[in-house]
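For this one, chain R is given, so just place chain W on it according to the hints.
2 protein chains.
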Amino acid sequence: MNNFVFTNPTKLVFGKGQIARLAKLIPSDAKIMITIGGGSIFNNGIYNQVVDALKGRDWVEFRGIEPNPEFETLMKAVEEAKEKEIDFLLAVGGGSVIDGTKFIATAMHYEGDPWDFLLDERKAANAKATTLATVLTLPATGSEMNNGSVISRRAYGEKRAFHSANTFPLFSILDPEAIYSLPKRQIANGIVDTFAHTLEQYLTDGTEGSAMVMDRWAEGLLQTLIDIAPKLTVERMSYDAAANFMLTATMGLNGFVAMGVEQDWATHMIGHELTALHSLDHGITLAIVHPALMDVMREEKRAKLLQYGERVFGIKEGSEEQRIDKAIQATEMFYRSLGVKTRLSEHSIGESTVNEIVKRFTDRGWRVGERGIVTPEKVGEILRKAL
Amino acid sequence: MNNFVFTNPTKLVFGKGQIARLAKLIPSDAKIMITIGGGSIFNNGIYNQVVDALKGRDWVEFRGIEPNPEFETLMKAVEEAKEKEIDFLLAVGGGSVIDGTKFIATAMHYEGDPWDFLLDERKAANAKATTLATVLTLPATGSEMNNGSVISRRAYGEKRAFHSANTFPLFSILDPEAIYSLPKRQIANGIVDTFAHTLEQYLTDGTEGSAMVMDRWAEGLLQTLIDIAPKLTVERMSYDAAANFMLTATMGLNGFVAMGVEQDWATHMIGHELTALHSLDHGITLAIVHPALMDVMREEKRAKLLQYGERVFGIKEGSEEQRIDKAIQATEMFYRSLGVKTRLSEHSIGESTVNEIVKRFTDRGWRVGERGIVTPEKVGEILRKAL
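So the sequence lines, in the order shown, correspond to chains R and W.
Going by our numbering, the first sequence opens with residue 690, and the numbers climb by one from there.
Going by our numbering, the second sequence opens with residue 690, and the numbers climb by one from there.
Hints were generated in silico from the structure; no laboratory data involved.
Careful: at least some of the hints might be erroneous.
No copy labels: a pair is met if it fits in one copy or bridges any two.
For lysine to aspartate or glutamate, the following DMTMM-like pairs were computed, each having C-alpha atoms within a straight-line distance of at most 25 Å [claimed, not checked]:
no.	residue 1	residue 2
1	LYS1015	ASP894
2	LYS920	GLU866
3	LYS817	ASP718
4	LYS713	GLU1021
Values in this document were obtained by computation on a predicted structure and should not be read as measured data.
The shape of chain R in the complex, shown without the other chains (with noise of 0.2 Å):
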């Protein structure tokens, strides 16, 4: 197991009714900024339910945060929370309005170009931030307790990321209900991208045994969100099915399952690529790209790809070869399943793309994966077995 310091201090407040709290959770002082995306929360009631509980307080509000947030959108809200005085920050939304909130919340205290953030991530490492908090709306991102946030500029067609010891949020109300009403193509995505995350914390070429109890808790994330993803999908989802899958995304990206093991996330490397190119959802990225990693990176992670193959989806018959084949066709299958396609040509995207994204890891000089072992080579190898 590796040495490792693990620290969460957001507060967690799940269930039914939890956002009639916010008044009790929110200092009584605070002038209060809420920020928010698209026009969702004001169909389903939670725009409602949260004014409620802030009847009398100081607020204002921003709107228009977009999937994938963008620079420019979010100086607007950096421009004028300074100019109101802003000390406390809530979001209202999904991991974009979060991350965006993120942003917000350190720009506002930096004199440089915020963007430098996101080009050297060790200038957000320490940078001071207003504190914030979340009411989550669409679990995926895991962005509601942790202190990562992922920015695009679509000017420079880029995409990336970063983290602060001050941007975990305060506090997180998780209402189950509030996803009775999400659209199946964002519930499916919801469930690759928490499925993506907790591969890239499990599946690396850790020799098995290194970090046992993490292994389990990977593996027990995973077969959750396969017992859980048809119940998910149908028309009515029951309480028990929405909260499970809440509760999971978030514990799949608080740093619980990171504790001593190694990380991957070459595969969300690549995808954000591909939505800095293409805009295609983050979630059908990951789906696209996991399982054909699994297959270039095979040697790599050979022990670990047989032990997810046999306690994930129950594969004990046949050559190791045959598998980790399965294995890999089981994680496409159940992407699919879930109606998210999962090669690069049912999305009009060809050798090109390829060729530019090999040209981006190689310019960068990046080399992904577990100590670098994803080189820009085998990025071209991934992706030509994505088409």
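Relative to the frame of chain R, chain W by itself:
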């Protein structure tokens, strides 16, 4: 899934050589009291590592916190800490030293008789506490990453618990190398303790599926313990076995697997009385009570007992009754494989103790277990089954 609020601010600092980081983790102007149990840390080098790390810092030490930490002893530490204006407590030891230190931390600031905390938890709930941190030397109780404390008062024959919002350790250093030299009996007790903590949060009458993801995580802890127990009780344990044990013990009682689930804790409540009356090791009492409790409560816990048998021990054959019998036997055999006796008679404890404990539960009006389903009458049945 039940509504819940989760928060755990403790920073885990995990791995080889981490004790050397103490000086950076404790505020530079702190007046430190190191709290210590018996002599083991003087033999295994931990004491010297701590003293080396604190060179030049302002510290005193308090020695002699015993297993099942004693109120009278702790009150001496409270007096000394107040007199010396201590503002940082560093527990170096196992669960008893850490639990005792949580008591010292709160009792230092309490105007009345601090035994009040043990008689009425509400008095402790938000009580002021001196900042505390830990260097863990014995994985078992999870106290290094929670806010609970169990204190004994031998003059009264009592052993009781309290929790406070302010008794989470600021940080806990977990160096797996610290446990290489532990006596095998303590390792065995720690494994039993962790197994039993996990069962208390898992083996309830909740319907399958209400907190599916946490069931998986609890099963993951149990499976890991079964996998690593044989590697821990051999002459020389490996680093990875020690590390996985240490991490599993901490994860077993830090609130993580408790999210949204019913909890039982009847085994602990009964076990505490056995310790109070006969000074049995905590882990030993759990190994005695748990299999008997499963048997007596088999109707209420039927669904979960079947799931436990199948997922943790691979029991799939036979009628429901047979599978439950096998799951109970497998639990008892696991404890016995660690060299732990699982029957009261093996400790020369008989009917008179059973009657005394039933009388205590009756007199106090205690109904324990999930939602009070374990009545004093059931406590009698359980203890008789364990004779």
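| task | Report the numbers of all earlier hints that the structure fails to satisfy, in ascending order. | result | Hint 4 alone not satisfied by this model.
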